[in-house]
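First to last, the sequence lines map onto chains A and B.
Those letters in the first sequence? Residues 1 to 472, by the working numbering.
Those letters in the second sequence? Residues 1 to 472, by the working numbering.
There may be inaccurate statements among the hints.
Identical copies go unnamed one by one, so any copy, or any two together, can satisfy a pair.
With a cut-off of at most 16 angstroms between alpha-carbon atoms, the simulated EDC-like pairs for lysine to aspartate or glutamate come out as follows [unchecked claim]:
{"#": "1", "residue 1": "K404", "residue 2": "D197"}
{"#": "2", "residue 1": "K161", "residue 2": "E335"}
{"#": "3", "residue 1": "K96", "residue 2": "D65"}
{"#": "4", "residue 1": "K256", "residue 2": "E335"}
{"#": "5", "residue 1": "K156", "residue 2": "D430"}
{"#": "6", "residue 1": "K46", "residue 2": "E444"}
{"#": "7", "residue 1": "K256", "residue 2": "D354"}
{"#": "8", "residue 1": "K235", "residue 2": "E305"}
Just so you know, the hints here were simulated from the structure itself, not pulled from any lab data.
Protein chains: 2
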Amino acid sequence: MSNSGKHFLDLFFNPRSVAVVGASHNMMTANYFLASNLVNLGYPGKIYPVNPNSTEILGLKSYPDLKSIEGEVDLVVISIPARRIPDIIRDCIGKKVKGIVITAGGFSETGSGGRGLQDEMKQLLDGSGIRVIGPNALSPLNSTLNFIIGFGPVLKLNKGKLSFIFQSGLYQPRLNYLVSEMHLNINKLVDLGNKMDINEVDALEYFGQDESTGVIAIHLESIAGDGRRFLKVLKETTRKKPVIILKSGRTEAGAKMASSHTGAIVKSSDTVYDAALKQAGAIRAQGLDEFFDLAKIFEYYPSLENNRVVISCFSGGEGVIATDFSQFNGLRLAEPTSESRQRLRPFFPPWEVDINPFDTGVTGQFASSDVTTAFIDTMSNDPNVDCMAIQIGSQPYLSPDGAKESSEKFVKLCQDVIRRGKPISAWAFDPRIFGVMINMLEAERIPFYPSAERAVRALGALYRYGVLKKRE
Amino acid sequence: MSNSGKHFLDLFFNPRSVAVVGASHNMMTANYFLASNLVNLGYPGKIYPVNPNSTEILGLKSYPDLKSIEGEVDLVVISIPARRIPDIIRDCIGKKVKGIVITAGGFSETGSGGRGLQDEMKQLLDGSGIRVIGPNALSPLNSTLNFIIGFGPVLKLNKGKLSFIFQSGLYQPRLNYLVSEMHLNINKLVDLGNKMDINEVDALEYFGQDESTGVIAIHLESIAGDGRRFLKVLKETTRKKPVIILKSGRTEAGAKMASSHTGAIVKSSDTVYDAALKQAGAIRAQGLDEFFDLAKIFEYYPSLENNRVVISCFSGGEGVIATDFSQFNGLRLAEPTSESRQRLRPFFPPWEVDINPFDTGVTGQFASSDVTTAFIDTMSNDPNVDCMAIQIGSQPYLSPDGAKESSEKFVKLCQDVIRRGKPISAWAFDPRIFGVMINMLEAERIPFYPSAERAVRALGALYRYGVLKKRE
Chain A
1 MSNSGKHFLD LFFNPRSVAV VGASHNMMTA NYFLASNLVN LGYPGKIYPV
51 NPNSTEILGL KSYPDLKSIE GEVDLVVISI PARRIPDIIR DCIGKKVKGI
101 VITAGGFSET GSGGRGLQDE MKQLLDGSGI RVIGPNALSP LNSTLNFIIG
151 FGPVLKLNKG KLSFIFQSGL YQPRLNYLVS EMHLNINKLV DLGNKMDINE
201 VDALEYFGQD ESTGVIAIHL ESIAGDGRRF LKVLKETTRK KPVIILKSGR
251 TEAGAKMASS HTGAIVKSSD TVYDAALKQA GAIRAQGLDE FFDLAKIFEY
301 YPSLENNRVV ISCFSGGEGV IATDFSQFNG LRLAEPTSES RQRLRPFFPP
351 WEVDINPFDT GVTGQFASSD VTTAFIDTMS NDPNVDCMAI QIGSQPYLSP
401 DGAKESSEKF VKLCQDVIRR GKPISAWAFD PRIFGVMINM LEAERIPFYP
451 SAERAVRALG ALYRYGVLKK RE
Chain B
1 MSNSGKHFLD LFFNPRSVAV VGASHNMMTA NYFLASNLVN LGYPGKIYPV
51 NPNSTEILGL KSYPDLKSIE GEVDLVVISI PARRIPDIIR DCIGKKVKGI
101 VITAGGFSET GSGGRGLQDE MKQLLDGSGI RVIGPNALSP LNSTLNFIIG
151 FGPVLKLNKG KLSFIFQSGL YQPRLNYLVS EMHLNINKLV DLGNKMDINE
201 VDALEYFGQD ESTGVIAIHL ESIAGDGRRF LKVLKETTRK KPVIILKSGR
251 TEAGAKMASS HTGAIVKSSD TVYDAALKQA GAIRAQGLDE FFDLAKIFEY
301 YPSLENNRVV ISCFSGGEGV IATDFSQFNG LRLAEPTSES RQRLRPFFPP
351 WEVDINPFDT GVTGQFASSD VTTAFIDTMS NDPNVDCMAI QIGSQPYLSP
401 DGAKESSEKF VKLCQDVIRR GKPISAWAFD PRIFGVMINM LEAERIPFYP
451 SAERAVRALG ALYRYGVLKK RE
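Construct the entire structure; sequences and hints are all you get.
See the structure below:
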């Protein structure tokens, strides 16, 4: 856990010790979770609760102030009212801590009074060498170290290679949902808040260098400075790994609101952002659903060089919708070889049907075994096919073998296909009845989405990145 | 249950007796569910299973053929291989049945052979007065009568005023999901399949006249004839009730596919459809997610005359996204009165924050009671506010009272607001932990969506319909 020779941000993600100023033993307060998550998830470093009204918090010795702590303190998390924070900053300087995270709000986002307080902190810190995340920032997170600063209970962290940059705490209350329900494998996460010191350029640069980060997802509302440095670092980073960006505050009303809650000034128009982000090789997401959808698929797959998709659906109507949205998202229908048609012939009805999209609803009436499985297996060997969108579910309520057994067979097959470099994106007509299979798929890095539109949109993004990479 | 004086389609939804040709006692076949759903859901009419290999199915007397049935038969459902169907049609004519539903495929969608078979049926039926849904059609459904023809187990039907027109069976496997998870209150549903006789114009006309249908949602792939009659009936219908249309087969590849699976020819370009549908007053949905989202909100609320929305969020960042998508969807941020600001003052932090979007994450730090509740109550009385988008969840894990009690209070308040004519659309950061509240909300006709984007998109559609209605 040494930080020597590393990017200066590394210490925020790999602190050997952390002091929590404002830690509480009262479960009814958000501050309780600042230390409880560290204890419950098993963060291996030292935890120092700081609270003048307690001697023990969560079984840990509690300190009245920072100076009373015997050992060294790498990181200090400050979660107390704004006006009392300058005093804590002085203590931090005295204690020679390396980094500070200020979760508290009440600074530049509140107008001139708070801005004065933020300026006061800046002056205090000037020349101290101490770097600051925030204020108004709920972070960081490093799943490798079971390290997370948060205001609610965090149940578990999937370890993966997806790293997030946020500019607000919007991720916080849905973190458990993202991990357990959306199966996001988060490596690191930072919420920058008011960006008094550390900003998105620093975070992007760090995640770009970070070997355990394979994909970066950024929710931006504003860009520090004139944006040129951000775009330069972004361009360098997208050469190495995919970067997904959700830029909000896109409408006039949204931009005004963005400015009021983080104190940042949102200057450029949305079209300017759009062109600049694209030129820098970033994948832009339109909304929060798409942002998390794309973050997931890029954590699983690198990119797509070619865009020929095969689709397997449960009804012809669903196939038409999946086809429409494949084309909207830059994919085109693959034309499988005659060998593939030949192999799937036994599953066809007596009349000729189109092999792509493959309508398992029709073909299933003419073959007793699993048509979806046969389809995937055939297409995995077809040189005209680059990726697959699969509506899972071979009438499980009609199948005599258990859901678990057939799920295992299906997932094994999908793994095979992925090993051959063909991404699969899946959806189902009713996610509730495929829970077993969905969990298995996600565990094996096969992304599941709630609808055909979202499944093919995610695949399309892989190809968008493939094209962006080639252009450089 | 008399059909006299009613639209000819009424008998398909209110049959006094139904014969199921191809009914099966084998649970491993799709045909099993044709009769089992009727029995399990409690369809009150007569059910006559027809299968030459059985004497009893599901405890019901089974008949070798239609002629052996003693009583009158209103409706015959035919689910056997295509080539044997003309003989059954002859039996139907002999038995003087009133309507036929052909669920079986293998007709015009299979090319010239199947088309010949379909023409043969047409000639047989000519002059008989018997009307036909299908072939290749899984329908109808009438929840008032617990009447449903389907290939999978249907667990329950919520009775409501939403009626669907489909052109394929894509709704079928997700019916339980639509009812139980998406809380759609379906009144009637028809899948038209190959539209050999009855088409979307007939269905639209019938649902337009049907008093128990308050909103119509149509998934179209093709339009019968030159489309003029459809647009005329559509225009008449949208004057009376909202009509949501998902038109797929929008891309070249999608259109080709649509033609192959229903045998219909898709002629016009997507932009032509777009303009024509809009002119006729229909609300067009882009994909299946939006289609069901809008179907739900129109079943709950009629329309919106004005578009001033207030937003309550759990974080400023979420508020920015909700604001962006409100504007994308035709809404604008309401400017609450100074009285409202005054009433909410105790919930504000010491500094000035924008009242819309209302950031409960910030305000919650400065007030112990439920800020969301105070916000909704205040806005319900504000004359500058037309509708509300609410991210539910007042830190339930920090709340000492039980989830059920606070949910009940919240839902009661929402009901009050809706009574004052202000639609509410809700979402949550983690639907799993708000299950109790979501079910209560939906039971009281307050729509819940999985994200801010989708919640405000649905509200925006209400206003789109309000504008369309005024224009006429």
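If you check each hint against the structure, which ones fail?
-> Violated: hints 1, 2, 6 and 8.
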